[in-house]
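For this one, chain A is given, so just place chain B on it according to the hints.
So you can see what is in the structure, the chains are spelled out below.
There are 2 protein chains.
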Amino acid sequence: MAKFENPVIKELLERYRRIWSLEHAMSLMGWDEETYMPSQGVVERATAMAELRTLYQELITSDQFVSLVERASKQEGLNEYERGVVRVLTREITILKKIPPSLNYELTKTSQEAFIAWREAKAKSDFQMFRPYLEKIVELNRQMAEKLGYEENPYDALLDLHEEGLRTRDVRGVFSVLEPAMKRVLDRVTSEGYFSSPSPLEETKYEEAAMRRVNEAVLSLLGYPTDRARLDVSPHPFTINMGVNDVRITTRYEGFDFKRSLFSVVHEFGHATYELQIDPELDMTPIGTGASLGVHEGQSRFWENVVGRTLSFVKVIRPILDRELGFTRAYSD
Amino acid sequence: MAKFENPVIKELLERYRRIWSLEHAMSLMGWDEETYMPSQGVVERATAMAELRTLYQELITSDQFVSLVERASKQEGLNEYERGVVRVLTREITILKKIPPSLNYELTKTSQEAFIAWREAKAKSDFQMFRPYLEKIVELNRQMAEKLGYEENPYDALLDLHEEGLRTRDVRGVFSVLEPAMKRVLDRVTSEGYFSSPSPLEETKYEEAAMRRVNEAVLSLLGYPTDRARLDVSPHPFTINMGVNDVRITTRYEGFDFKRSLFSVVHEFGHATYELQIDPELDMTPIGTGASLGVHEGQSRFWENVVGRTLSFVKVIRPILDRELGFTRAYSD
Numbered sequence: 005m006a007k008f009e010n011p012v013i014k015e016l017l018e019r020y021r022r023i024w025s026l027e028h029a030m031s032l033m034g035w036d037e038e039t040y041m042p043s044q045g046v047v048e049r050a051t052a053m054a055e056l057r058t059l060y061q062e063l064i065t066s067d068q069f070v071s072l073v074e075r076a077s078k079q080e081g082l083n084e085y086e087r088g089v090v091r092v093l094t095r096e097i098t099i100l101k102k103i104p105p106s107l108n109y110e111l112t113k114t115s116q117e118a119f120i121a122w123r124e125a126k127a128k129s130d131f132q133m134f135r136p137y138l139e140k141i142v143e144l145n146r147q148m149a150e151k152l153g154y155e156e157n158p159y160d161a162l163l164d165l166h167e168e169g170l171r172t173r174d175v176r177g178v179f180s181v182l183e184p185a186m187k188r189v190l191d192r193v194t195s196e197g198y199f200s201s202p203s204p205l206e207e208t209k210y211e212e213a214a215m216r217r218v219n220e221a222v223l224s225l226l227g228y229p230t231d232r233a234r235l236d237v238s239p240h241p242f243t244i245n246m247g248v249n250d251v252r253i254t255t256r257y258e259g260f261d262f263k264r265s266l267f268s269v270v271h272e273f274g275h276a277t278y279e280l281q282i283d284p285e286l287d288m289t290p291i292g293t294g295a296s297l298g299v300h301e302g303q304s305r306f307w308e309n310v311v312g313r314t315l316s317f318v319k320v321i322r323p324i325l326d327r328e329l330g331f332t333r334a335y336s337d
Numbered sequence: 005m006a007k008f009e010n011p012v013i014k015e016l017l018e019r020y021r022r023i024w025s026l027e028h029a030m031s032l033m034g035w036d037e038e039t040y041m042p043s044q045g046v047v048e049r050a051t052a053m054a055e056l057r058t059l060y061q062e063l064i065t066s067d068q069f070v071s072l073v074e075r076a077s078k079q080e081g082l083n084e085y086e087r088g089v090v091r092v093l094t095r096e097i098t099i100l101k102k103i104p105p106s107l108n109y110e111l112t113k114t115s116q117e118a119f120i121a122w123r124e125a126k127a128k129s130d131f132q133m134f135r136p137y138l139e140k141i142v143e144l145n146r147q148m149a150e151k152l153g154y155e156e157n158p159y160d161a162l163l164d165l166h167e168e169g170l171r172t173r174d175v176r177g178v179f180s181v182l183e184p185a186m187k188r189v190l191d192r193v194t195s196e197g198y199f200s201s202p203s204p205l206e207e208t209k210y211e212e213a214a215m216r217r218v219n220e221a222v223l224s225l226l227g228y229p230t231d232r233a234r235l236d237v238s239p240h241p242f243t244i245n246m247g248v249n250d251v252r253i254t255t256r257y258e259g260f261d262f263k264r265s266l267f268s269v270v271h272e273f274g275h276a277t278y279e280l281q282i283d284p285e286l287d288m289t290p291i292g293t294g295a296s297l298g299v300h301e302g303q304s305r306f307w308e309n310v311v312g313r314t315l316s317f318v319k320v321i322r323p324i325l326d327r328e329l330g331f332t333r334a335y336s337d
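Protein sequence lines correspond, in order, to chains A and B. Okay, so the first sequence: first residue is 5 according to this note's numbering, each after it adds one. Okay, so the second sequence: first residue is 5 according to this note's numbering, each after it adds one.
The reader is advised that the hints may include incorrect statements.
One copy or two, either will do: identical chains are not told apart, so a pair holds if it fits within one copy or between any two.
Stated by the list, open to error - Straight-line Cα separation of at most 30 angstroms, DSBU-like style, residue types lysine-lysine; simulated pairs:
1. Lys-101 to Lys-151
2. Lys-187 to Lys-263
3. Lys-102 to Lys-78
4. Lys-140 to Lys-102
5. Lys-14 to Lys-140
6. Lys-14 to Lys-101
7. Lys-126 to Lys-263
8. Lys-209 to Lys-319
9. Lys-7 to Lys-78
10. Lys-101 to Lys-126
11. Lys-319 to Lys-128
The set of hints was computed from the structure by calculation and includes no laboratory data. Small disclaimer: the values here were computed from a predicted structure and weren't measured.
Same shape as in the complex, but just chain A (with noise of 0.2 angstroms):
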């Protein structure tokens, strides 16, 4: 049974393209700025990227479209995927008709040209460099926070645009359970002197050209999908979706330490698996994309971690590390 039938939605859905669309092109805006990018091109790009961010919100908090939604709102018997157009339509207009555009342009293109900042500050280790930028972003965040509104904490505004609902107080909860469990352990180890030693694996050099063999084999093991599915550079790593056919990852070569790069790329590639399996059905809808930053998270991290740092997942790979870098093949598994 196809998942959109009733007509109003269906007409909603063919209206949201063109909103879909001016996405689509900001995702790619984002990912080309961060990867190959020219750097005196960030001007152009962080204004361009603050435009059809404020066009965005334009066509999205428009009339004609905010009652498009209202009526869909309103029909009888939507499925479970109807009703989740609806609603993630609806808490979007919600939040971008309290923001003004102004605020949103001016946090667009500063967050656009502090990249290219940080960038140059992460590669000379200077802080200062990026200082401004951040205290700016910093600014605009709180006005935004103030435009959102909030119950208890300002944060809890922010918060709530990249895990709904999630307050600064439960995040609390969560740590000052985690807190005092970590630190028991933390006084035990450091009171038995029990550390693990650094292996010389992690200062052992490796060629790029090598390092990114030994990725793509890794991915290419892990059934990623390199037709619908990229692997790139950038400083800090990254996952970005144009679509469900269309998600980019990126990794970084420090030149040394080579389960850094290995495991960044398959932490981001349980980001994109996510996304990549995605029902093509929803591509192109509000519900076409992760639910979450937290469920988002859960995903790389369970691939990096229970998966990644595993004694079978090494025996796996250990052919390609061999064959590729060679100096491992030294160690025991």
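This is chain B only, laid out in the frame that chain A set:
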């Protein structure tokens, strides 16, 4: 003196920035489709491109924007840059008002999908794979010509899109002189049996990585600014500009006859240089890009043929070829 001083023109450029941003995004989407996009992403990309192309059309032909352009056109004492802005926008609006959005949508979507089909057909040397796409594109362009209107020949309407005012009749006029003259040369060459013999270099194989270093070194020698420009790989070389500070060229690596890769780089360098030398003050305005396809091709062929295919140029790049390819050392200049 600033190029834009009239307040109505300034307001117009401010409003135009959103339209420019869509153009920026579509340029990047086009570049990405030909260079890095995973092949299965084609339907998403084609859909997004068609949506944004029609959104662009809607914004630039909106009553609000059109009346602002009209108001600008009636201003007294505009300088030549300001008049240029009005002229270019008026032309764009006139063209886009004639095209039905549905035709614009279909032609854009078909062209995007056709690219992926063409790439596969090219790789397999199988014209039949591409034929239905080409037929549809021709048919849609015929419709486009009828909508745009023409006096003598349907192709005049399409020619005008690339070279303002040029007619089929003019092109025939050029060829009616060139053709018999070239035929005379050809006849003499044939009757006297005077052919240049093929060089064994045309069959000599090269390593892609070495050839890439050649291309990069030659671009560096020519002053190609890597903080504002890129070189990538695509099945057919092209140049595209996202703005004055982000211009990208491509080449291809067939693995033999190194001059094919090299001269396409020099050719595209000509296109790129034209865009890179545009006054930064014109960036993100309607007059911030090349004037026409003809002027563009004049730039690229100047670099490829007048500069590139000379003994002087070969002497300058010779050390690069000898160092990276090696096999050129066996030849005299």
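Exercise. Can you give me the call for Lys-126 and Lys-263, within, between, both or neither, at a CA distance of at most 30 angstroms?
Key: Intra 21 angstroms, inter 40 angstroms, cutoff 30 angstroms: intra-copy only.
Quiz prompt | 30 angstroms Cα threshold - placement of Lys-151 relative to Lys-101 | solution = Answer is within; shortest intra-copy Cα gap is 10 angstroms, inter-copy 40 angstroms.
Practice problem: At 30 angstroms max between alpha carbons, let me know whether Lys-187 reaches Lys-263 within a copy, between copies, both or neither. | Solution: The answer is within: 27 angstroms in one copy meets 30 angstroms, while 66 angstroms across copies does not.
Quiz item: With identical chains treated as interchangeable, where does the CA-CA distance between Lys-319 and Lys-128 reach 30 angstroms or less: within a copy, between copies, both, or neither?
Solution: neither (38 angstroms within a copy, 39 angstroms between copies)
Self-check item: Intra/inter-copy verdict for Lys-140 and Lys-102 if alpha-carbon distance must be at most 30 angstroms
Solution: Within one copy, since 20 angstroms is at most 30 angstroms while 46 angstroms is not.
Exercise. State whether the alpha carbon distance between Lys-14 and Lys-140 is at most 30 angstroms within one copy, between copies, both, or neither.
Key: between (42 angstroms within a copy, 28 angstroms between copies)
Quiz item: With identical chains treated as interchangeable, where does the CA-CA distance between Lys-101 and Lys-126 reach 30 angstroms or less: within a copy, between copies, both, or neither?
Solution: neither (36 angstroms within a copy, 49 angstroms between copies)
Quiz item: Under a CA distance limit of 30 angstroms, which applies to Lys-14 and Lys-101: within one copy, between copies, both, or neither?
Solution: Both ways: Lys-14 and Lys-101 sit 24 angstroms apart in one copy and 29 angstroms across, limit 30 angstroms.
Self-check item: Status of Lys-78 relative to Lys-102 across identical chains (alpha carbons, at most 30 angstroms)
Solution: within (23 angstroms within a copy, 39 angstroms between copies)
Self-check item: Status of Lys-78 relative to Lys-7 across identical chains (alpha carbons, at most 30 angstroms)
Solution: within (18 angstroms within a copy, 54 angstroms between copies)
Exercise. At 30 angstroms max between alpha carbons, let me know whether Lys-209 reaches Lys-319 within a copy, between copies, both or neither.
Key: Within one copy only: 21 angstroms inside a chain, 40 angstroms across chains, cut-off 30 angstroms.
Going down the numbered hints, you'll see the structure goes against 10 and 11, while the others check out.
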